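Starting from two chains that each stand alone, build the complex the way the hints lay out.
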Amino acid sequence: MATNAASNADDTMLQWVTFRLENETYGINVMQVQEVLRYTEIAPVPGAPAYVLGIINLRGNVVTVIDTRNRFGLQPDEITDNTRIVIIEADKHVVGILVDAVAEVVYLRQSEIETAPNVGNEESAKFIQGVCNKNDQLLILVDLDKLLTGQEWAEMDDF
Amino acid sequence: MKKGRGDDDKQDINPQKDLQDYVDFMFFDDLAPKIKVEKVKTVTENVKSAEVNPASVTPEKFKTAKNKQKSVLTPSSPLKPASISSLQSNSLNIPPSVPQTQNQLHKHTVKKNLPLHKEKVQSRLRNAESLERKLVRERVKNLTQGMRQTAEAEQTQKTKVQAGEKVKPAVGAKAAIEEPLPVINHPDKPASIISLPVQEGAPASGSIEPAQYQVWCENGRPQWAQDAFECLLFKVAGLTMAVPLVELGSIYPITDELTAIFGQADWFIGLMSTNAGNIRTVNTAKIVMPERYDDEFLDNIGYVISINGYDWGLAVDCVDKAITLEPEAVRWRTSRSKRPWLAGTVVEYMCALFDVQAMAQMLGQSDRHLSH
Numbered sequence: 001m002a003t004n005a006a007s008n009a010d011d012t013m014l015q016w017v018t019f020r021l022e023n024e025t026y027g028i029n030v031m032q033v034q035e036v037l038r039y040t041e042i043a044p045v046p047g048a049p050a051y052v053l054g055i056i057n058l059r060g061n062v063v064t065v066i067d068t069r070n071r072f073g074l075q076p077d078e079i080t081d082n083t084r085i086v087i088i089e090a091d092k093h094v095v096g097i098l099v100d101a102v103a104e105v106v107y108l109r110q111s112e113i114e115t116a117p118n119v120g121n122e123e124s125a126k127f128i129q130g131v132c133n134k135n136d137q138l139l140i141l142v143d144l145d146k147l148l149t150g151q152e153w154a155e156m157d158d159f
Numbered sequence: 001m002k003k004g005r006g007d008d009d010k011q012d013i014n015p016q017k018d019l020q021d022y023v024d025f026m027f028f029d030d031l032a033p034k035i036k037v038e039k040v041k042t043v044t045e046n047v048k049s050a051e052v053n054p055a056s057v058t059p060e061k062f063k064t065a066k067n068k069q070k071s072v073l074t075p076s077s078p079l080k081p082a083s084i085s086s087l088q089s090n091s092l093n094i095p096p097s098v099p100q101t102q103n104q105l106h107k108h109t110v111k112k113n114l115p116l117h118k119e120k121v122q123s124r125l126r127n128a129e130s131l132e133r134k135l136v137r138e139r140v141k142n143l144t145q146g147m148r149q150t151a152e153a154e155q156t157q158k159t160k161v162q163a164g165e166k167v168k169p170a171v172g173a174k175a176a177i178e179e180p181l182p183v184i185n186h187p188d189k190p191a192s193i194i195s196l197p198v199q200e201g202a203p204a205s206g207s208i209e210p211a212q213y214q215v216w217c218e219n220g221r222p223q224w225a226q227d228a229f230e231c232l233l234f235k236v237a238g239l240t241m242a243v244p245l246v247e248l249g250s251i252y253p254i255t256d257e258l259t260a261i262f263g264q265a266d267w268f269i270g271l272m273s274t275n276a277g278n279i280r281t282v283n284t285a286k287i288v289m290p291e292r293y294d295d296e297f298l299d300n301i302g303y304v305i306s307i308n309g310y311d312w313g314l315a316v317d318c319v320d321k322a323i324t325l326e327p328e329a330v331r332w333r334t335s336r337s338k339r340p341w342l343a344g345t346v347v348e349y350m351c352a353l354f355d356v357q358a359m360a361q362m363l364g365q366s367d368r369h370l371s372h
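Taken in sequence, the protein lines are chains Y and X.
Quick note on the working numbering: the first sequence kicks off at 1 and runs consecutively.
Quick note on the working numbering: the second sequence kicks off at 1 and runs consecutively.
Everything labelled a hint here was simulated from the structure, so no lab data went into it.
Heads up, some of the hints might be wrong.
[What the hints assert, rightly or not] Here are the simulated DMTMM-like cross-link-like pairs (lysine to aspartate or glutamate), alpha carbons at most 25 Å apart as the crow flies:
#1 K126(Y) <-> D157(Y)
#2 K146(Y) <-> E104(Y)
#3 K146(Y) <-> E123(Y)
#4 K146(Y) <-> E326(X)
#5 K134(Y) <-> D320(X)
#6 K92(Y) <-> D136(Y)
#7 K126(Y) <-> E326(X)
#8 K235(X) <-> E326(X)
#9 K321(X) <-> D266(X)
#10 K126(Y) <-> D266(X)
#11 K92(Y) <-> E78(Y)
#12 K338(X) <-> D266(X)
#13 K134(Y) <-> E326(X)
#14 K235(X) <-> D266(X)
[Stated by the list, open to error] Output of the computed footprint for chain X on chain Y, the stretches with three or more beta carbons under 8 Å from beta carbons of chain X:
#15 70-77
#16 125-132
[Stated by the list, open to error] From the derived model, a few chain X residues whose C-beta atoms are all more than 10 Å from chain Y:
#17 D227
#18 E257
#19 R331
Since we're looking at a predicted model, the values are computed, not measured.
Using N, Cα and C, we set each Cβ at its ideal position, and we do this for glycine too.
So here's chain X without its partners, still in its complex pose (with noise of 0.2 Å):
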């Protein structure tokens, strides 16, 4: 049967159906992104207009190119993503790909400008790294000029000691310790003499005083270590050994062979001749050590000690330095028949303390022309 024209007009017309079909179609989702796409479309090639040759960007252009972006762009806007795709495709040569969401718009973003940002980092990294190496030459100059100073200065002292400029010797501070001892020129000897304090009030070198045994106080120490004294360490065959610097009287480095005298003891070195007259040196080894006593020891002599106020002196290898000691610092001898030159034993440095006082009493009392 043929419909008529009035019955299709009929069933076709249906003005809410319309009505909604118009609405779905304007605002249905499936329908919705072409339109979308249509209008990016549209403003991308005005932005693209607004662009220049990718190749000839320049910073001023690019600052442009940006604010009119953010000018177009705005947070809620649905053309960002294609305005900054259409931007990163033209001007940076980079894929067009269209992020949809935030999240992607943001690691866009971070990736667009990782270049700007390790450049940035790398920028400061060489900062950095000059500003160091800067600090470094600047503490390396310092340094050098420090040393340079310090070298002057030791050069100056030489100069000084060289010109027979007597040195004042290191005694009484802890931090001139480490200090080389003073220095003073022999006028006869091209070898120098290292100076050490002289007790004041005690008989000039040359002349023997009688013997008269130091009588240690009654805790048990001698009078120079009711405080802290000051040791010289020295080695002997081997052995360190240490002397209280109050009474000592000088170095001699040895230079020229002792002269020797027939007919005295086995311990007796020989004489050496210094400018405070001559100095018994006497084996040091020999006395302290017999039973370990080896004659490579006069091979190995380098120095001569002199006992203050007395003309002996000890035979030694080498000097070492002067040290700081606390009476509490050593073990004190308390029975001192069997060996008298032993004051006690140093327990740090594991060395014995010479009592040379005693120990030239008990040389002088050897001394026949002295005893008699």
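Bound conformation, chain Y alone (with noise of 0.2 Å):
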């Protein structure tokens, strides 16, 4: 009983909010996400590197919005109704990451997170921390803090 109890105790809960892109759905902890916008009228920023799309006014806060899709590889796509901007906070910078939709909020185990693979030369496979099954769907779990390498996340402040 008691091994059970300690084990549970490790085996964390956790809540993933998960959001659509290309086909795919794609977790990140529910404690690192502020809100969720519609899609806005989003200003490019001269000289700003490929991933960053541009600056939005947050209740008179700019706050520089990436372009998921270029982060993750991905080919770009149209805008459309379900597109939003969802609000993190990572490596202690507030930024927005463009998706194609939001979906929910999931309750994961820890030792329900298996671990991805990571074949290839592509530095994005380490933004990946796990996959996971849920609702007959895999999850692909992203690790927000390692989206961006500390000098990237260093330039966020430029802009």
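Here it is as structure tokens:
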């Protein structure tokens, strides 16, 4: 009994916000999500890297929006009614990520998360924290802190 | 000069000549038939009187007449032809003709009996045909019954399979090669999973063992190819390939799209979610023949063959059949540095034989999560 209780304590339950991108479902830790916005006009920033779409005005604060498709190495797609900007906090920076749609919040145990394959030489593979089966669906869990490197996070303050 | 009565009598009276003339008269050839015909006519009239109207001939009467004919006619009797002729002419309406010799008599008899023979032969033919038809009917009936029983057996097997009953895989018996691969029901997906033999003591699917390249035996063959072994044939981009059954896990039909994961190598297609875990599906065509690769392959893939003991799976077009191979039927590779996944070539089927263990280890080494 005591062993079971201990193992349950170790096996923490986490909440994940899921979003859709290129017909796949991704999950990000709910604790890093501040809010979800409908798509608004994004002001491009001259000289910014390709993965930076631009900036938005969020209640008087300037928030940099990252092109998630570009960062994940996916092809660009059109903006739709389902397109959302998810405001997240990662590495002590508040940024927005553009996604095709936001789905739901799911509960996952730590033990349910499996290691994702990491084959090839693409750097983007390091963003993936793991994979998990939920509701007959395979979730790809993203580690937002690794979405950008330390230097790249530092550059976010310059926009 | 007038002859006197006494002279004529003297000249005419010659007892010897008269006797000779009488004998000639009685036995001379030219005269004999006339007498015989006279006798025949008499006998024929007698027989005629015993005959009945030809129109009302019954078998009994015909038999009686025939018996009479037999009693009258003897082989040496000169009356025989005439009697037959009279019988024929009266009872069978055959124009009266009197055969004079034995040969003619034989021909005549044959001619007379020809319709009877024909009828007999025809009746025998009819019997044979009916017997043949009966045999054919019985054979067809047996075949139909056999087919019905087979269909029932298949139906029963399907029912068992649908009920989730695990069917023993066809391994080891050569006779079972042509049988379809057993199918078990997938509780989550409507499509079926084809189960293959699982090696005892193999690591559970989902965990990748450290890379340990299999050591081949001294005879240049892997351990599983020391005796006859079974292989599964499948097609990759139209190319037939074979894998030993002992090294295979399961065959999963692709019903949904695989979950693609960004940032992976181009030969990685995605993850396939199964009950046994997530199968890391690789683009077999790209690994096997990158120089001839066409993206159309991704549109045609139908199955994922998982490797026993690893969570890697090979995407293939279609699964063909299982075959039994003798080790001598394979040209085993001696140098395996360039393509470690190639164990050899099967000459009979003109296909490559996979060393799936080597391939799985090769794939495992390429995973940075595992290699570090």
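To see whether the hints hold, each was checked on the structure:
For the hint pairing K126(Y) with D157(Y), the CA-to-CA distance comes to about 23 Å; that is within 25 Å, so the pair holds. Distance hint between K146(Y) and E104(Y) is fulfilled; the C-alpha atoms sit about 23 Å from each other, no more than 25 Å. Note on K146(Y) and E123(Y): the hinted pairing holds, with a Cα-Cα distance of about 10 Å set against a maximum of 25 Å. Under the criterion of a C-alpha separation no larger than 25 Å, the hint pairing K146(Y) with E326(X) is inconsistent with the structure, at around 53 Å.
About 33 Å separates the Cα atoms of K134(Y) and D320(X), which puts this hinted pair outside 25 Å; it is violated. A C-alpha spacing of about 34 Å is found between K92(Y) and D136(Y), which places the hinted pair above 25 Å, so the restraint is violated. Our distance criterion of 25 Å between C-alpha atoms is broken by K126(Y) and E326(X), whose separation comes to about 46 Å. With a C-alpha separation of about 21 Å, the suggested pair K235(X) and E326(X) falls inside the 25 Å cut-off, and the hint holds.
At most 25 Å may separate the alpha-carbon atoms for a hinted pair to count; K321(X) and D266(X) exceed this at roughly 29 Å. Between K126(Y) and D266(X), the direct Cα distance comes to roughly 16 Å. Compliance with the 25 Å bound is thereby established for this hinted pair. Taking the CA atoms of K92(Y) and E78(Y), the gap is near 30 Å; set against the 25 Å cutoff, the hint is violated. Taking the CA atoms of K338(X) and D266(X), the gap is near 20 Å; set against the 25 Å cutoff, the hint holds.
Distance hint between K134(Y) and E326(X) is unfulfilled; the C-alpha atoms sit about 46 Å from each other, more than 25 Å. Taking the CA atoms of K235(X) and D266(X), the gap is near 20 Å; set against the 25 Å cutoff, the hint holds. For the segment 70-77 of chain Y, the proposed coverage by chain X is satisfied: 3 residues have a C-beta within less than 8 Å of a C-beta in that chain, meeting the threshold of three. Check on the segment 125-132 of chain Y: 5 of its residues sit with their Cβ under 8 Å from a Cβ of chain X, so the three-residue criterion for coverage holds.
No beta-carbon of chain Y comes within 10 Å of the beta-carbon of D227(X); the shortest separation is about 36 Å. Residue placement check: E257(X) does not keep its beta carbon more than 10 Å from all beta carbons of chain Y (closest about 7 Å). Residue placement check: R331(X) keeps its beta carbon more than 10 Å from all beta carbons of chain Y (closest about 31 Å).
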